[in-house]
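A.B. asks: Using the sequences and the hints given, assemble the complete structure.
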Amino acid sequence: MTLPTHEHRAQPRSLTDLFVSFSLLALQGFGGVLAVVQRELVEKKRWMTREEFVEDWAVAQIMPGPNVVNLSLMIGSRYFGFKGAMAALAGMLAAPLVVVLLLALVYAQFADHPGVQGALRGMAAVAAGLIAATGLKLFGALQKNALGLPLCTGLGVLCFVAVGLLRWPLADVLLGLGVVACALAYQRLER
Amino acid sequence: MTQASQLAPQLVFVWQDWATLFVHYLSLSLLAIGGAITTASDMHRFLVDEQHWLTDAQFNASIAIAQAAPGPNVLFIALMGWNVGLNAGGMLSGLLGVFTAMLGMLIPSTTLTYLAAQWGHRNRERRAVRAFKQGMAPIVVALLVATGWVLTAANGSSMKNWPLWLLTGLTALIVWRTQMHLLWLLAAGALLGWFGLV
Chain R
1 MTLPTHEHRA QPRSLTDLFV SFSLLALQGF GGVLAVVQRE LVEKKRWMTR
51 EEFVEDWAVA QIMPGPNVVN LSLMIGSRYF GFKGAMAALA GMLAAPLVVV
101 LLLALVYAQF ADHPGVQGAL RGMAAVAAGL IAATGLKLFG ALQKNALGLP
151 LCTGLGVLCF VAVGLLRWPL ADVLLGLGVV ACALAYQRLE R
Chain E
1 MTQASQLAPQ LVFVWQDWAT LFVHYLSLSL LAIGGAITTA SDMHRFLVDE
51 QHWLTDAQFN ASIAIAQAAP GPNVLFIALM GWNVGLNAGG MLSGLLGVFT
101 AMLGMLIPST TLTYLAAQWG HRNRERRAVR AFKQGMAPIV VALLVATGWV
151 LTAANGSSMK NWPLWLLTGL TALIVWRTQM HLLWLLAAGA LLGWFGLV
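Here the protein sequences come in this chain order: R and E.
For the first sequence, counting from 1, position 142 maps to 142 in our numbering; every step adds exactly one.
For the second sequence, counting from 1, position 95 maps to 95 in our numbering; every step adds exactly one.
FYI, nobody ran anything at the bench for these hints, they're computed from the structure.
Keep in mind that this is a model prediction, so the values were computed, not measured.
There's no promise every hint is true.
Unchecked claim - Sample of chain R residues with no beta-carbon within 12 Å of chain E, all distances over it, derived: (1) Arg9; (2) Ala10; (3) Gln11; (4) Ser14; (5) Leu15; (6) Arg39.
Claimed, not checked - Here are the computed distance ranges between Cβ atoms for each label pair: (7) E:Ser158 to R:His113: 22 to 28 Å; (8) E:Phe99 to R:Gln143: 42 to 48 Å; (9) E:Ala154 to R:His113: 17 to 23 Å; (10) R:Arg167 to E:Arg124: 31 to 37 Å.
Think of the CB as a built atom: it goes at the ideal place given N, C-alpha and C, for glycine as much as any other residue.
C.D. replies: Dropping the structure here:
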C-alpha cells in the first residue's frame with residue numbers, strides 16, 4: 001500500500017517548536033486536552049490528517065497510562081524520534097504542573113466560594129461538549145475505513161451504548177468490542 | 001485554619017517510604033488502561049485507608065483541582081504526591097512527592113507506549129497492524145462521544161439541570177460546526193456558572 005503523495009505537509013520546525021506547541025495546547029485544555037490537540041494539530045497547524053490522528057489516538061487509548069500523555073509521546077516521536085517524544089511529553093506536563101501546584105496552594109481559600117463552584121460547573125459542562133464534538137468530527141475520518149461506514153456506525157453505536165448508557169467498564173469494552181472489530185477488519189483487509 | 005489541614009497527618013518519611021510510594025505507582029501504571037483515573041480507587045485504598053498518608057479531603061481535592069486546572073487530568077497524581085510530601089515535611093518534600101508519584105505512574109506506561117508505537121510504525125504494512133488501527137478507529141471515536149455523555153450525565157438528569165445539558169449540547173454543536181476558539185466557549189461556561197445561570 002503506497003500512501004498518496006501529500007501536498008506540502010506541515011510539521012514542527014524543531015524540538016523547541018514541539019515543546020512550545022504542546023505547552024500551549026495543554027494550557028488551553030480545561031477539563032481535557034484532547035479537543036484542543038485535535039483542533040490545533042489537525043485543523044490549524046495541519047501536522048497530521050484526521051485519519052492519522054484517529055490511528056494514533058487508537059493506540060494511545062488502548063495502551064495503559066494517561067491517554068493524552070501517550071498521544072503527545074507518539075506525535076512527538078513521529079517527527080523527531082525519541083527526542084521528539086520527550087519534548088512533546090515535557091510540553092504536555094511541565095507548564096500545567098506549575099499551574100496545578102499554584103492552584104493547590106490557593107485552593108482552600110476559594111473552594112467553597114459559590115461563584116467559583118458555579119464557574120467550574122459551567123466549564124465542566126463545556127468540556128463535556130468539547131469532547132463529544134471531537135468524537136463527532138472524527139467520525140468523518142471513518143469514511144475511508146476498511147470496515148465500511150455501516151459497520152463502523154454499528155460498532156460505534158454499540159460502544160456508545162456499552163460505555164455511555166450501560167456504564168460497562170472501559171477496559172472490558174475496549175477489549176471485547178475491540179477484538180471483534182479488529183478481527184472483522186483483518187478479514188476485510190485480505191481482499 | 002481549615003478542618004482539612006488540622007486533620008492532616010504529620011508524617012515522618014524515611015527513604016523506604018518514598019520507595020514504597022514509588023513502587024505503588026509503578027505497579028499501578030500498567031493497569032491504568034483508559035487513563036490513570038481508572039486506578040484511583042486503588043490509590044485511595046493504599047494512600048488513605050492503609051498508609052494514612054493522605055486524608056480523604058486531600059485525596060478528593062487532588063482530583064478536583066487537577067480537573068479544574070488546564071492540562072492533562074493525570075496531574076492529580078502529582079498533587080497526591082505533593083500532599084503526601086507536605087504531610088511529611090514541607091515544600092521540598094512536596095516536590096519530591098510530585099516527582100516520585102509522577103515518575104512511578106508514567107515510566108512503565110510511557111515506555112510501553114513508546115515501544116509499541118515504534119513497533120507499530122516499523123510494521124505498519126502488516127495486515128495485523130492495519131487491522132488493529134482500522135478496527136479500533138470506530139470504537140475510540142465513539143468512546144469520545146460516550147465520554148461527553150457520561151460527563152454530562154454526572155450532573156444528574158433531574159429537570160432542574162436542563163441548563164447544563166443545554167450548555168453541553170450547544171457547545172458540542174458549535175465546536176462541531178464552527179471554528180470558534182475553544183477558550184471562548186470555556187470562558188462563556190465559566191461566566192454562566194459564576195452568575196448561577198447554569
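A.B. asks: Which of the listed hints are not met by the structure?
C.D. replies: 6
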